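A.B. asks: Here's the letter readout for the chains.
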Amino acid sequence: MSAFHVRRRRVAVVWRTLAAIALTVFFLFPIYWLFMISFKTAEEIFAFPPRWWPSRLQFDNYAVLFKDGDATTVWNSLVIASASTVLAMVLGTLCAYSLARFRTGGEHLSNWIISQRMVPPIAVVFPIFLIYVLFGWVDTYLGLILLYTAFNLPYVIWMMRGYILDIPISLEEAARVDGCTRWQVLWKVVFPMARAGLFATAILTFVFAWNEFLFALVLTRTEVTTYTVQVTHYFGGQSGFWAKISAMSVLGTLPIFVVVAFMQRYLVRGISLGAVKG
Amino acid sequence: MFQARINLRAAAVVQRILWVALMIGVALWTGAAAAQSAAQRAVDAAKKGCAGKTITIVWEAGLQSLDPLNYSGPKWEQLTGCKVKVVEVPTAEMFTKIMQEYRAGTGAYDALNVVPAWMPDLVQAGALEVLDPYVDKNGFRDELQKIAPTYRDNQMKVNGKIYGFPDDGDVFLFYYRKDIFARADLQKAFKDKYKYDLAPPKTWKQFDEIGSFLTDALKGEGVYGASFFREPTYAELMFQERFRNEGGKFFDAQSMKATVNSATGVRVLTEMRNENRFMPPGVEKFGFVENLAVFLDGKSAMTISWPPYGRFAAGYLANEKALDWVPKSKIAGKVGYALPPGGHPQLALGFALSVASTSKQKDLAYLFIQWLNSEEVSTERVQLPYALRDPFRDSHFTNKDYMAKWPDAKDYLAALGEGAKTGLLDLSLIQTDKYEEALRQAMSKLWAGGDPKGILDDVAKQWDDITQRVGVDKQKAVYTGWAAKSGAYPSSSK
Amino acid sequence: MGRQIGRLSELLEVRVGSAGSLVAPRARPRERGFRLALVAPSIGVLLLFGVFPLVYLIVVSVQNITMTDVDQSFQGLLNYRLLAGDPRFWGALLHTAIFTAVALPLELVLGLAMAELFIKHVPGRTVFVALLVLPVVVSPIVAGTTWSLMFDNRFGPINQVLGWLAGGPVAILWTIRPDLVYGAILVAEVWQWTPFMFLLLLAALSGVDKSQLEAAAIDGAGYWRTFRTIVLPAIWPVMVVAILIRALDLVRLFDVVWALTKGGPGTMTETLSIFTYVKGFQQFETSYTAAMALLVIVLLSVAVFAALKRVELAR
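Protein chains in written order, with the working numbering: chain C, 1 to 278; chain Z, 1 to 494; chain B, 1 to 315.
For the record, the hints were derived by calculation from the structure and aren't laboratory data.
All of these numbers come straight from a predicted model, not from anything done at the bench.
Incorrect hints may have been included.
[To be verified] Below, computed lysine-lysine pairings styled on DSS-like, alpha-carbon distance capped at 25 Å:
id	chain 1	residue 1	chain 2	residue 2
1	Z	Lys328	C	Lys67
2	Z	Lys321	C	Lys67
3	Z	Lys157	C	Lys67
4	C	Lys67	Z	Lys421
[To be verified] To be clear about the criterion: a stretch of chain B counts as covered by chain Z if any three or more of its residues have a C-beta under 8 Å from a C-beta of chain Z, and this derived list gives those stretches:
id	segment
5	147-159
6	243-255
7	263-277
[Claimed, not checked] Computed beta-carbon distance windows for the label pairs:
id	chain 1	residue 1	chain 2	residue 2	range
8	B	Leu47	Z	Asp464	45 to 53 Å
9	C	Asp178	B	Thr229	33 to 41 Å
10	B	Ala166	Z	Ala404	32 to 40 Å
11	B	Ala166	C	His5	41 to 49 Å
Note that the Cβ used here is the ideal one computed from N, Cα and C, for glycine as well.
Using the sequences and the hints, build the whole thing.
C.D. replies: Spelled out as structure tokens, the structure:
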């Protein structure tokens with residue numbers, strides 16, 4: 001490639017990097033503001049004019065959360081979100097494959113799966129509460145895990161169907177010719193090819209389960225309170241635990257950040273592998 | 001013969017002495033039994049039935065629930081063997097969770113904290129247990145009488161039956177900067193301009209004059225004459241108070257038509273909007289904590305809020321871990337306490353202890369709340385360093401320990417005591433929340449620049465619609481009952 | 001209605017060029033068993049949570065259950081009639097539609113632009129992508145409250161920065177002024193969900209055939225032409241789903257609006273979800289909200305199919 005092209009390439013990279021930085025600042029600033037509050041004292045939080053950084057890094061707010069046992073709610077969220085994501089991904093991807101390749105159940109099945117997503121949770125939370133009372137699932141891990149799985153399934157099925165449709169069927173046919181069983185085709189061909197989509201969907205499914213509030217509010221009491229519900233305990237009519245709110249939010253965001261950071265390596269790798277097709 | 005007579009005499013004397021001794025003995029014994037407090041009786045009764053059982057009580061999440069979590073729960077368990085499980089629920093969700101669990105018939109909750117204004121709705125729905133039989137069985141009536149009159153007479157009963165024990169002396173108190181009011185230069189300038197002495201305002205007209213004057217005079221120091229929590233949730237409670245102090249009535253008692261859009265109402269809204277001009281910019285968004293921050297920072301000379309402001313402003317136990325979210329007070333020792341203009345403060349919100357009708361352990365639940373609400377235990381609880389429970393029994397207002405907590409605590413308690421005598425109840429009907437919702441929306445429309453008359457006409461129309469839906473006669477009966485209470489309108493309170 | 005929904009399946013499959021969804025030849029029994037085994041568990045779970053609540057909604061919506069009365073007598077279409085005549089309901093519908101119609105295109109375009117940016121080489125891409133996903137990850141309630149604090153006149157940085165630019169203190173009440181309220185909410189909403197679109201579209205762009213792109217570049221095709229003829233068809237299936245998911249979520253918009261305005265001033269920004277929450281959770285108008293939920297489900301379905309039909313016609 002000529003020197004001209006190389007330079008144009010470099011300039012383009014510089015512009016892209018600058019754009020990336022600008023975007024990151026915009027999207028991260030409010031989070032920075034929130035996280036910063038977790039290190040501030042009450043004066044600093046309500047200082048006028050507002051201060052943009054805490055005077056010193058003090059971890060007292062975090063210590064309190066651990067001492068009071070509030071931090072266990074983050075663990076509850078972790079258990080529930082992880083289990084329901086795994087379950088939803090497994091069940092959903094398999095179902096999506098069937099729908100994508102064989103149009104199993106035809107229109108009616110697709111219809112029905114789609115329509116599940118159109119039901120506003122706020123309307124069904126009470127009947128579900130009634131069912132749970134019957135089964136004794138209120139305030140249990142099992143209850144919330146099953147629920148989140150069910151509510152995320154349509155999303156997983158839709159998304160994975162889209163990603164699977166992107167994979168050329170010729171690859172699968174080739175594998176069959178080579179003697180693979182149907183299950184082996186799934187494992188060896190489909191899943192690796194759909195890796196980017198798998199991780200993107202899994203991340204977002206996890207996030208939906210992690211941040212869910214309404215069902216967690218109604219279906220838990222004291223045993224499996226999730227972090228989203230716990231945070232709302234700090235919004236009082238006659239109190240405002242801003243330090244706790246933000247410290248808890250940091251604690252609640254860190255696990256996901258770790259998960260995302262870990263998984264998106266695979267995501268990006270999937271991008272750069274960028275399927276040479278045809 | 002003589003001997004026999006002396007013997008008879010002696011015997012009579014001895015008999016009399018024995019008789020007196022017996023009487024004294026009986027008196028002492030019954031006295032001891034009677035003097036055995038309601039708290040102790042509750043403990044004793046509970047000990048018999050507890051053995052490894054757990055009472056579940058719903059409590060407001062956050063600071064409030066530190067009481068049962070750190071103090072009353074463990075103490076009760078220590079005394080009786082009953083465990084206490086505290087279900088913390090965010091304030092905004094308390095009513096929802098209580099109703100949902102009740103509707104689903106789960107029996108998950110034994111005892112409850114309820115806001116008195118919710119009681120008619122909860123009772124109508126059947127969610128609360130009638131407490132009279134339990135009160136009589138355990139002889140608690142006398143002690144209930146010793147709760148300060150306004151709370152006792154207005155926040156305990158629905159349709160003449162006891163459904164909850166008032167447990168929190170929430171009242172809107174007027175706080176002002178004594179030091180600013182005492183400044184000679186300001187006093188002179190004010191007297192010159194307005195012809196009366198600078199002092200805590202007795203009427204809202206005076207408040208407007210003092211507020212605008214102080215904002216002008218103290219502009220250089222960055223201090224405002226006043227600031228309030230104008231956020232709609234709080235503002236609508238202030239409207240309820242002010243409207244009634246100015247003579248307004250919510251409904252026409254005969255026709256049950258809403259009269260909130262009377263000339264008084266319009267005037268009140270207009271004045272409230274105009275006052276914002278001499279308050280800190282953005283005051284329309286101030287909630288409890290924002291307003292507190294401004295006041296504790298010394299930036300406003302007058303404000304109105306719940307009792308905790310008084311304790312926080314005095315820096316009372318400011319180093320308590322649970323209170324580290326409270327901005328440090330720069331005005332300790334400079335705060336005066338009074339009743340809001342008009343003299344009848346709103347008994348905004350508050351809490352009462354109740355028993356859930358679907359509980360499977362009603363007796364034990366009742367005993368727990370009797371113990372919590374009793375004289376000794378409640379006196380301890382309102383003095384907890386992290387307490388949000390405010391004094392509510394007559395004895396609390398004259399408690400020597402409390403008075404010693406900070407130099408001006410005496411005046412603080414006196415003001416609270418006054419408020420407990422003249423206070424006004426939150427509006428409490430069937431579907432109260434719908435009526436209050438209309439008021440909240442009216443406040444937010446007002447801050448957005450709407451016209452007071454138009455806004456209130458709309459509120460009146462909404463209120464009439466709600467009354468129609470509930471049933472005019474049904475609502476009228478409830479309203480009449482509410483309006484007859486001593487704390488409903490100023491003219492009828494003591 | 002079934003026909004229409006089925007179009008979606010067709011749409012997704014027809015659009016994809018060389019990639020395959022050729023329906024396999026008629027299945028042998030073991031084959032059929034395999035296919036059913038794939039879908040059965042999902043169906044089972046969905047049935048458990050899908051059937052009873054819907055039945056409950058239908059039954060309750062024709063009764064008259066309110067906070068104080070559990071009146072289970074048959075009321076016919078009472079609640080639906082009340083709903084149709086309730087201006088607050090139509091207002092909520094309108095507000096929700098406005099939010100959806102404005103936020104969705106913004107999120108899509110911005111998300112796509114970001115995905116295009118990162119699909120090519122950027123140093124430290126891993127770090128950037130991980131950071132940019134954070135807004136989606138923060139609890140919506142907390143995100144809403146944080147933005148409320150950001151817009152706060154006294155304690156927030158936005159007015160502070162504006163004050164620096166304007167040369168003097170600025171006291172703009174973003175969440176109270178009727179003319180600014182929608183803007184504030186949209187900023188918070190777009191901020192939180194654009195990364196969602198970004199992530200999905202990034203994964204989708206990775207599936208675009210690189211050899212085709214190179215061929216187009218050699219032919220001298222411009223950016224837009226390449227985009228329209230090669231990229232768009234390739235990412236279409238995922239994009240359609242992303243739009244649908246986001247649209248349905250926007251219809252349920254609650255946390256951000258509640259944290260910023262609680263639906264105010266008055267009911268100016270009240271969305272369907274907020275209205276349902278107030279009526280169902282605070283005022284316990286159980287039957288009324290059940291009727292509303294069913295109505296919304298029906299309206300949504302109609303809207304979705306109408307949109308799909310239009311999209312198909314345009315193609």
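A.B. asks: Could you work out which of the previously given hints the structure breaks and list their numbers from low to high?
C.D. replies: 3, 4, 6 and 10
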